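Chemist: Below, each chain spelled out in residue letters.
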Amino acid sequence: MEQHRILIYILLAIVVTNLIRVTPMVLIKGQISNRFVRSFLYYVPYVTLAVMTFPDMVLATPTPWPGLIALLIGMVAAWFRLGLFPVAAICCVIVFLMI
Amino acid sequence: MTERRKNILHGLRDGFPIAMGYLAVAFSLGIIAAKAGLTASQGFLTSFFTRASAGEYGTYTLVAVQAAYAEVIVMCLVVNLRYMLMSAALSQKIAPGTPWIKRILMSCCVTDEVFGISIAHPGYTPPAYMYSAALISTLFWATGCAIGITAGSLLPQHIVTALSMSLYGMFIAVFIPPARRDRNVLFAVIASFVLSGLCAVAPVVSQWSSGMRTVVLTILISAVAAWLRPIRTDYNGAA
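Same order as they appear, the protein sequences are chains A and B. FYI, the numbering for the first sequence is 0 to 98, going by numbering that gives the first Met the number 0. FYI, the numbering for the second sequence is 0 to 238, going by numbering that gives the first Met the number 0.
Watch out, some of these pointers could steer you wrong.
Stated by the list, open to error - Selected chain A positions facing chain B (Cβ under 8 Å, derived; list incomplete): (1) Val15; (2) Phe35; (3) Thr52; (4) Trp64; (5) Leu67; (6) Leu71; (7) Phe84; (8) Ile98.
As the list claims (entries may be wrong) - Stretch-level coverage of chain A by chain B, calculated; a stretch enters the list once three of its residues show a Cβ under 8 Å from a Cβ in chain B: (9) 2-11; (10) 37-49.
What the hints assert, rightly or not - Negatives, chain B to chain A, calculated, CB over 12 Å: (11) Glu55; (12) Val71; (13) Ser106; (14) Arg231.
Just so you know, the hints here were simulated from the structure itself, not pulled from any lab data. Computed from a prediction, not measured in an experiment: that's the story for all the values here. Yeah, the Cβ is synthetic: ideal placement off N, Cα and C, and Gly gets one too.
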């Protein structure tokens, strides 16, 4: 791929991602009052991450099984409040042992 | 010791464990960035200036298929929407009278984890605390990504595949605890899995890139969830 296309992709990602962070700090003086907007913003992060995890995680392994088992056990570990790093490590180890 | 120096040291202390986790996760992100054709220095720059795990992952998958620029913009907007919420919540934690340039810099420091420790800081969050926590974690994040791009191709394929699971593990660790606390989030997560799985195999929609699928499903499922199960009006920000 041409290098300038990659640079444009990178620049767009940097500008948009930081504009999202800066905009509310500049604009919002108090709490957002619209109930639908607040509810929508509340669900977005979890839905995004869930959609990106499945089925991509299962499709990333040579056969679906290692990814699927890592997904299930990772979810159990997170359910019992293991943190970001332990959950990530558990998923890696399971797939490493199974493939 | 001056107040400012103390805040910097506390920021480094609280930022270090985050930085260690970032190093490992960014490594697997680097493997994906390498597939998209990024060089180590490009990956370092992108990671340093975006600091967005899911947003970067989405961007790299789009770069890999040479998607339209507009797709990258929409992807970054939707996948990073949570930072908007966090930044809004953070605005309530900054001392009145703080210059606007410091407020803007602090909002740029927002990541899931740095936001977490900044909100947990007793009283108003000092700018120096947030800068130092963000700086150390960002340096490790960007370095991890650059190492992943470089070393990812040197490692045997099965180790690369195993390491690539850490990014998904991090996603799981973010969305499962709230799903345990709030049944509505649990339903939304289940709906996400089901619809995302269907979209990957269904005719027509399975032709979409995974970035496109992410954006469309996020807007659709979140809107339906907000309509069917609005949050209580006393719910207070993302904290």
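Chemist: Each hint should be assessed against the structure and marked as holding or not.
Modeler: Hint by hint, here is what the structure shows:
Residue-level restraint check for A:Val15 holds (minimum Cβ-Cβ distance to chain B is 4 Å; threshold 8 Å). Because the beta carbon of A:Phe35 sits about 5 Å from the nearest beta carbon in chain B, less than 8 Å, this interface hint is met. Taken as an interface hint, A:Thr52 checks out: its beta carbon lies about 5 Å from the nearest beta carbon of chain B, inside 8 Å. Interface hint status for A:Trp64: violated, as the beta-carbon distance to the closest one in chain B is roughly 13 Å, over 8 Å.
With 8 Å as the threshold, the beta carbon of A:Leu67 stays out of range of chain B, its nearest partner Cβ sitting at about 11 Å, so the hint is violated. At about 10 Å, the closest approach between the beta carbon of A:Leu71 and any beta carbon in chain B exceeds 8 Å, and the interface hint on this residue is violated. At about 4 Å, the closest approach between the beta carbon of A:Phe84 and any beta carbon in chain B falls short of 8 Å, and the interface hint on this residue holds. Look at A:Ile98: its Cβ gets to within about 5 Å of chain B, closer than 8 Å, so that hint holds up.
Three residues within the 8 Å Cβ limit are the bar, and the segment 2-11 of chain A against chain B gives 7, so the coverage statement holds. Counting residues of the segment 37-49 of chain A whose beta-carbon sits less than 8 Å from any beta-carbon of chain B gives 13, enough to reach three: the coverage restraint holds. Consistency note on B:Glu55: stated as away from chain A, yet its beta-carbon is not over 12 Å from all of that chain's, at 7 Å minimum. A beta-carbon of chain A comes within 12 Å of the beta-carbon of B:Val71; the shortest separation is about 5 Å.
Non-interface status of B:Ser106 relative to chain A is broken: a Cβ of that chain comes within 12 Å, the nearest being about 4 Å off. A Cβ of chain A approaches the Cβ of B:Arg231 within 12 Å, the least distance being about 9 Å, so the stated non-interface status is violated.
Checked against the numbered hints above, the structure breaks hints 4, 5, 6, 11, 12, 13 and 14 and satisfies the rest.
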